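> One-letter residues, chain by chain:
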Amino acid sequence: MKAKKQRLILALLGLGAVVGAGLLAASGLKTEASFFFAPGDVAGIDLPLGKAVRLGGMVADKSIRHDADGVTIHFVVEDGKAKVPVVFKGIAPDLFKENSGVVAEGEFRADGSFVASNLLAKHDERYMPPELDGKMHKTGSLKS
Amino acid sequence: MHAYANPARFLKIARPLTPVCVGVGLLLVLLGSYVGLFLTPPDYLQGDTVRIMYIHVPAAWLGMGGWTGIAIASIVQLVWRHPLAGVAGRAIAAPGALFTAICLLTGSIWGRPTWGTWWEWDGRMTSMLVLLFLYFGYMALANASDERTTVSRATAIFGIVGAINIPIINRSVVWWNSLHQGPSITLRGSSISSEILWPLLPTVIGFSLLFGGVVLMRMRANLAEAKVEARMRRMAAS
Amino acid sequence: MNHWAFIIAAYGLTALGTAGVLLWSYLDMRRAEKAVADLETRK
Chain A
2 MKAKKQRLIL ALLGLGAVVG AGLLAASGLK TEASFFFAPG DVAGIDLPLG
52 KAVRLGGMVA DKSIRHDADG VTIHFVVEDG KAKVPVVFKG IAPDLFKENS
102 GVVAEGEFRA DGSFVASNLL AKHDERYMPP ELDGKMHKTG SLKS
Chain B
380 MHAYANPARF LKIARPLTPV CVGVGLLLVL LGSYVGLFLT PPDYLQGDTV
430 RIMYIHVPAA WLGMGGWTGI AIASIVQLVW RHPLAGVAGR AIAAPGALFT
480 AICLLTGSIW GRPTWGTWWE WDGRMTSMLV LLFLYFGYMA LANASDERTT
530 VSRATAIFGI VGAINIPIIN RSVVWWNSLH QGPSITLRGS SISSEILWPL
580 LPTVIGFSLL FGGVVLMRMR ANLAEAKVEA RMRRMAAS
Chain C
183 MNHWAFIIAA YGLTALGTAG VLLWSYLDMR RAEKAVADLE TRK
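Protein chains in written order, with my numbering: chain A, 2 to 145; chain B, 380 to 617; chain C, 183 to 225.
Please keep in mind that the hints were generated in silico from the structure rather than gathered at the bench. Just so we're clear, the structure is a prediction, and the values are computed from it rather than from any experiment. One or more of the hints may lead you astray.
Said to hold, decoys possible - The list that follows gives simulated cross-link-like pairs (lysine to aspartate or glutamate, EDC-like), each with its CA atoms no further than 16 Å apart:
id: 1; chain 1: A; residue 1: 84; chain 2: A; residue 2: 62
id: 2; chain 1: C; residue 1: 216; chain 2: B; residue 2: 604
id: 3; chain 1: B; residue 1: 606; chain 2: C; residue 2: 215
id: 4; chain 1: B; residue 1: 606; chain 2: C; residue 2: 222
id: 5; chain 1: A; residue 1: 82; chain 2: A; residue 2: 42
id: 6; chain 1: A; residue 1: 90; chain 2: A; residue 2: 68
id: 7; chain 1: A; residue 1: 63; chain 2: A; residue 2: 99
id: 8; chain 1: B; residue 1: 391; chain 2: C; residue 2: 215
id: 9; chain 1: A; residue 1: 52; chain 2: A; residue 2: 106
id: 10; chain 1: A; residue 1: 84; chain 2: A; residue 2: 99
id: 11; chain 1: C; residue 1: 216; chain 2: B; residue 2: 526
id: 12; chain 1: A; residue 1: 98; chain 2: A; residue 2: 62
id: 13; chain 1: A; residue 1: 52; chain 2: A; residue 2: 99
id: 14; chain 1: A; residue 1: 63; chain 2: A; residue 2: 79
id: 15; chain 1: B; residue 1: 391; chain 2: C; residue 2: 220
id: 16; chain 1: A; residue 1: 84; chain 2: A; residue 2: 126
id: 17; chain 1: A; residue 1: 90; chain 2: A; residue 2: 70
id: 18; chain 1: B; residue 1: 606; chain 2: C; residue 2: 220
id: 19; chain 1: A; residue 1: 84; chain 2: A; residue 2: 42
id: 20; chain 1: B; residue 1: 606; chain 2: B; residue 2: 526
id: 21; chain 1: A; residue 1: 98; chain 2: A; residue 2: 112
Looking at chain A on its own, in the form it has when it is part of the complex (with noise of 0.2 Å):
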């Protein structure tokens, strides 16, 4: 009884040492795991200027302005605490709609703006029938 015991111990110390040190990881890698920075993240430091990088959040509100050549697409990307202006030139996705979230890879220009060389849309935890939307759809933030 006694060494199944000490075998119990042993076990869920060893767990809560790897549930541990996996957590501490995880947390540490917070800025290295992230799929993409979002404007609040980037605003205040140092732009990472010709660097590959991703930018992700909201497509503001009656931002998309398509350019005469067709395929041009001027939009801000908005995270409630920041606004960056993006250019693109290309398809963009069929979810790529104003308030909805978007994921553009490029890189920052030393004005602030942000050139994408592709767009990946990003849609939130909600789902629901196109009747309600409107009425329910109402998007503020990245995150719920």
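Guided by the hints, dock chains B and C onto chain A, whose structure is given.
Okay, now just chains B and C, sitting in the frame of chain A:
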């Protein structure tokens, strides 16, 4: 604890339970899939692709639930030396890996029309891929030893250590900015409209029952093989 | 882009995988339990 240690007693329960799990599981999966494919409304933003959820979510749950099962079996094996724990861990690995792979594949198929990409090295996707490789490692370790009805101590320890990935998968979309959306179903409720959500219940329960049925069948096969081997050895010795 | 192609691919893949593992486990179990039954009748 040891009430079911006797394989004969386990088989007495497992034999009638297997067809029930498989039968009811198939029924629920077919029902949920039919409703999810043809009767529920599409999503306002994603359209019909939201229907992939009804199989993607159960697959994700079973991939993660499977490893949780392996971790529990490993602890039971190491602490209580329960003779069936190793058999259970061994039986869970293959279906667990399969559903993890299904989760990754259906996620990829879902990501293309909605996000505009098949694959990104996002926290959620990467940690799920790590889970698949953990399953492969567990299976390789389990098959490396001659033991048939249990797994080696090293394999059981691997099962426990690998469990750290489970909370990481679960929290990945909360801790890190990710392309994958945050959790829809939390303790505070669901952000999926009930008309879209409800077929998920039969498919999650149905796939879980099928998973249970597969585990039971694989445990029975394993125990039967061990019995034959033991009998052969005794016959050869006498 | 037709969304149904993606939906059918996802469901088809899942059906194939699930049916496959069910069938494989069942046949494996039947073969093993039959071997036990054979041994028992032989002795």
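> Starting from residue 52 of chain A, check that the Cα of residue 106 of chain A is at most 16 Å away, please.
Holds, because 10 Å separates the two Cα atoms, which is no more than 16 Å.
> Does residue 604 of chain B sit within 16 Å of residue 216 of chain C, going by the straight-line distance between their CA atoms?
Distance ~10 Å between residue 216 of chain C and residue 604 of chain B Cα, so the pair holds.
> Hinted pair, alpha-carbon criterion (16 Å max): residue 63 of chain A, residue 79 of chain A. Please report holds or violated.
This hinted pair holds, its Cα atoms lying about 12 Å apart.
> Within a Cα-Cα threshold of 16 Å, do residue 82 of chain A and residue 42 of chain A meet the stated pairing?
Roughly 9 Å separates the two Cα atoms, so the pair holds.
> For a C-alpha distance cap of 16 Å, please report whether residue 606 of chain B and residue 220 of chain C respect it.
OK: residue 606 of chain B and residue 220 of chain C at ~12 Å, within 16 Å.
> Does the alpha-carbon distance linking residue 84 of chain A and residue 62 of chain A stay inside the 16 Å limit?
holds (12 Å)
> Would you check the hint for residue 391 of chain B and residue 220 of chain C, treating anything up to 16 Å between C-alpha atoms as holding?
violated (19 Å)
> Does residue 98 of chain A pair with residue 62 of chain A here, judged by a C-alpha cut-off of 16 Å?
Distance of about 9 Å is within 16 Å: holds.
> Tell me if the straight-line CA distance from residue 606 of chain B to residue 526 of chain B falls inside 16 Å.
holds (13 Å)
> Regarding the pair residue 63 of chain A and residue 99 of chain A, is the alpha-carbon distance no greater than 16 Å?
holds (7 Å)
> Is the straight-line distance between the alpha-carbon of residue 90 of chain A and that of residue 68 of chain A 16 Å or less?
Since the Cα atoms of residue 90 of chain A and residue 68 of chain A sit roughly 10 Å apart, the hinted pair holds (cutoff 16 Å).
> Does residue 84 of chain A pair with residue 42 of chain A here, judged by a C-alpha cut-off of 16 Å?
holds (11 Å)
In this structure, the earlier hints numbered 11, 13, 15, 16 and 21 are contradicted, and the remaining ones agree with it.
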